[in-house]
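Participant: Chain residues, written in single-letter form:
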Amino acid sequence: MILQVAFIYFAAVTVFSALMVITRKNPVHCALYMLAVFTHVAGLFVLLDAEFVAAVQVLVYAGAILVLFLFVIMLFRGDGMKDKARFVSGWPIVAPIAIALMGLLMSILMHSGFSGAQGSYTIEAVRSAGNSQVIGMALYTDYLFPFEIASVILLVAMVGAIVLAKKKAD
Amino acid sequence: MIPLSWYIALSVLMFSIGVLGVLIRRNVIIIFMCIELILNSVNIAMVAFAHYLNSVRGQIFVLFIMTVAAAEAAIGLAIIIAMYRNKETLNTSDINIMKW
Amino acid sequence: MPTISTADLAAISPEIIVLCSAMAVLIMGLFVKKEWRFLLGYLSVAGLAAAADRTWAMRSVVHGAFSGMFILDGYATYFKMVFYVAAAIALLISISYVRMENIEKGEYYGLILFATAGMMVMASGSDLMTVYLGIELMALSIYVLAGFLRKSLRSNEAALKYFLLGAFSSGILLYGIALIYGITGTTNLHDIAAFIQTGTYSKPALILSMILMLAGFGFKVAAVPFHMWTPDVYEGAPTSVTAFMSVGPKAAAFAAFLRVFITALPQIQADWTIIIAALAILSMLIGNVVAISQTNIKRMLAYSSIAHAGYAMVGFVAGGAEGISSVMTYLLIYVFMNLGAFGMVVALSRGGMTGERIEDFAGLSKKNKMAALLMLIFMFSLAGIPPTAGFIGKFNIFMAALNSGFLWLALIMVVMSAVSAFFYLRVVLVMYMKEPEDDRKLTPNLSMYTAMAVAAYAVLYIGMNPSGVIDFAMKSVSGLM
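Residue numbers (the working numbering), protein chains in the order written: chain V, 1 to 170; chain B, 1 to 100; chain A, 1 to 481.
Just so you know, these hints were derived from the structure itself, not from any lab.
Computed from a predicted structure; not experimentally measured.
Careful: at least some of the hints might be erroneous.
As the list claims (entries may be wrong) - Covered stretches of chain A (chain B as the covering partner; in silico rule of three or more C-beta atoms under 8 Å from a C-beta of chain B):
| no. | stretch |
| --- | --- |
| 1 | 184–198 |
| 2 | 207–213 |
To be verified - Here are the in silico distance ranges between beta carbons for each label pair:
| no. | chain 1 | residue 1 | chain 2 | residue 2 | range |
| --- | --- | --- | --- | --- | --- |
| 3 | V | Asn26 | A | Val62 | 50 to 60 Å |
| 4 | A | Glu437 | V | Gly63 | 51 to 61 Å |
| 5 | A | Tyr432 | V | Arg86 | 25 to 35 Å |
Ideal Cβ placement from N, Cα and C applies to all residues, glycine included.
The task is simple: from the sequences and hints, build the whole structure.
Facilitator: Shown next as structure tokens:
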């Protein structure tokens with residue numbers, strides 16, 4: 001019972017904040033609603049016994065990505081920031097199409113059971129070994145190759161950001 | 001026990017909100033935030049599936065998605081800064097030397 | 001407890017070589033004086049050659065490495081060779097261009113190598129996780145390269161549009177991956193196929209997940225209706241980068257696209273065949289028809305690249321070893337002819353926008369006979385006129401479509417090729433029939449000439465002796481089937 005209530009709370013705030021992100025005029029407000037989305041999604045991860053992912057969600061999304069967004073928004077305190085119009089002119093046509101597509105997605109996915117192959121990481125097994133330990137073991141054995149590629153992606157991001165945003169070219 | 005379908009419904013809702021936001025907003029930073037909403041909807045679905053399938057793959061995948069999201073944020077915002085230096089706008093309707 | 005064997009490390013040695021040369025170029029770019037920076041370009045080509053040597057040495061090895069994350073097989077080997085060729089020619093074209101545009105930095109060469117590494121991971125990814133990360137490694141490098149002319153608003157715009165739409169399409173691709181993970185409980189391509197064959201699943205959800213992934217890949221190969229970004233990004237990006245991204249990432253996207261759909265989703269082949277056939281028709285139609293009215297040659301080649309994605313998808317629809325190998329052959333040929341055409345645009349450009357209008361080719365035959373002849377060869381090849389390689393590529397796809405009963409698709413392809421001749425030959429007409437607007441000479445240089453000579457030789461050689469390439473593609477595809 002308590003779990004259901006918690007889920008409903010987290011889900012309701014997430015959806016409400018997401019709606020606010022796509023409708024608010026001021027980008028700073030949008031960014032703060034994003035913060036609410038990120039933290040409440042982290043709450044959902046805790047409900048799903050994914051404590052490590054929840055912690056990373058808060059650290060990376062709320063701590064790094066969102067701060068970056070806010071910095072950039074603050075940098076642009078100028079005329080460019082004022083949206084002449086919030087939405088594209090065709091939004092009364094686009095919005096119903098998007099809602100209809102959502103209905104389609106919902107009707108397909110709600111009526112299909114997701115009964116994929118069961119893995120060996122049962123909740124009890126993960127709990128007894130510790131969530132972070134299990135993820136760490138998996139990350140450095142089975143998933144070592146993607147892990148290395150991810151590190152290269154971060155290097156490219158670093159190089160790219162410096163190349164593009166550096167003040168003076170040599 | 002919360003049924004899996006609740007999480008899927010939430011994820012579909014978030015995904016649709018994100019897609020709608022990308023399609024209707026004009027401010028490039030907000031469009032980018034909407035893309036982050038889409039990625040979060042994927043994360044919810046992945047972790048929920050991982051939980052109900054007793055698999056750790058979904059959680060690992062989410063960690064990689066977050067890594068890529070961080071890299072995308074760095075590069076995307078750098079592109080926006082580079083453009084803002086040349087032309088003080090963030091509105092897609094002003095970004096039109098070449099037609100969309 | 002899975003352990004990493006030396007065989008695993010040997011399998012990824014080409015990737016390691018490419019990444020190491022990328023980092024070496026990055027670091028050396030900081031110390032090397034400006035007048036010597038062109039050497040970094042040659043160093044990058046040398047790195048690619050070393051990687052190509054390793055890949056070629058392992059061409060008969062089939063090895064699944066890193067717990068099913070990575071696979072080395074003939075198919076991956078074939079595509080890696082295509083990427084090396086594409087990146088090397090693009091680097092040779094770039095060397096004089098980046099100097100002229102004043103963007104000669106180690107980062108430029110480094111990012112091209114990083115993008116190449118990403119493409120190699122895409123071709124070798126046997127798990128949706130590695131395929132996704134490969135796509136992102138490639139795409140992030142290309143976003144930066146597209147915006148490399150920081151002072152140019154058009155370059156900024158190209159980078160921003162490519163980035164926003166690219167990130168959006170990755171999100172859609174990821175949602176498809178998430179759904180297939182829920183349906184099958186895995187992201188490994190072989191395990192997905194095994195589950196779909198034996199397990200119970202709901203078909204509508206699987207179809208939905210397939211459509212979402214198709215949209216993601218459709219964006220990467222620039223197929224209609226996911227092509228909106230192509231003309232703007234191709235026009236605004238630095239020309240040498242456009243040259244690279246019109247061939248390398250497109251071939252890589254096809255490599256991943258084909259592997260994912262053929263390995264993981266053979267059970268619903270009938271469903272995706274229909275959708276891809278529709279995309280192929282739309283791409284050929286819109287790409288070729290809209291290209292006719294373009295006045296900017298980069299924009300024209302952008303629409304032509306959409307049309308060529310359509311031709312390649314015809315081979316995909318035909319399927320089977322014959323169809324897939326025809327796509328692979330076509331992509332290799334496309335690398336040579338399209339890089340050749342873009343190389344000529346680079347050779348003509350004088351910074352800014354000059355040399356990008358089709359009119360800028362006016363009277364080229366009087367100014368420089370050799371350059372006009374090379375452009376003629378590339379245009380004939382893109383139009384598919386014998387005896388060039390472009391004809392062989394299209395003919396193979398045509399036969400594959402015919403043999404698997406897609407007569408109507410093959411016919412549309414022929415009609416659309418005829419339409420395409422119109423705008424390719426217009427460039428030739430402008431070069432040979434019009435008087436030059438000015439008497440500025442082309443300033444040829446060694447690296448550009450080498451690249452153009454290699455591309456033109458390949459186009460003519462494959463056009464007259466196609467059996468070697470076709471056999472190589474045919475042999476390489478066997479691992480996938």
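Participant: If any of the earlier hints don't hold here, list their numbers in rising order.
Facilitator: 2 and 5
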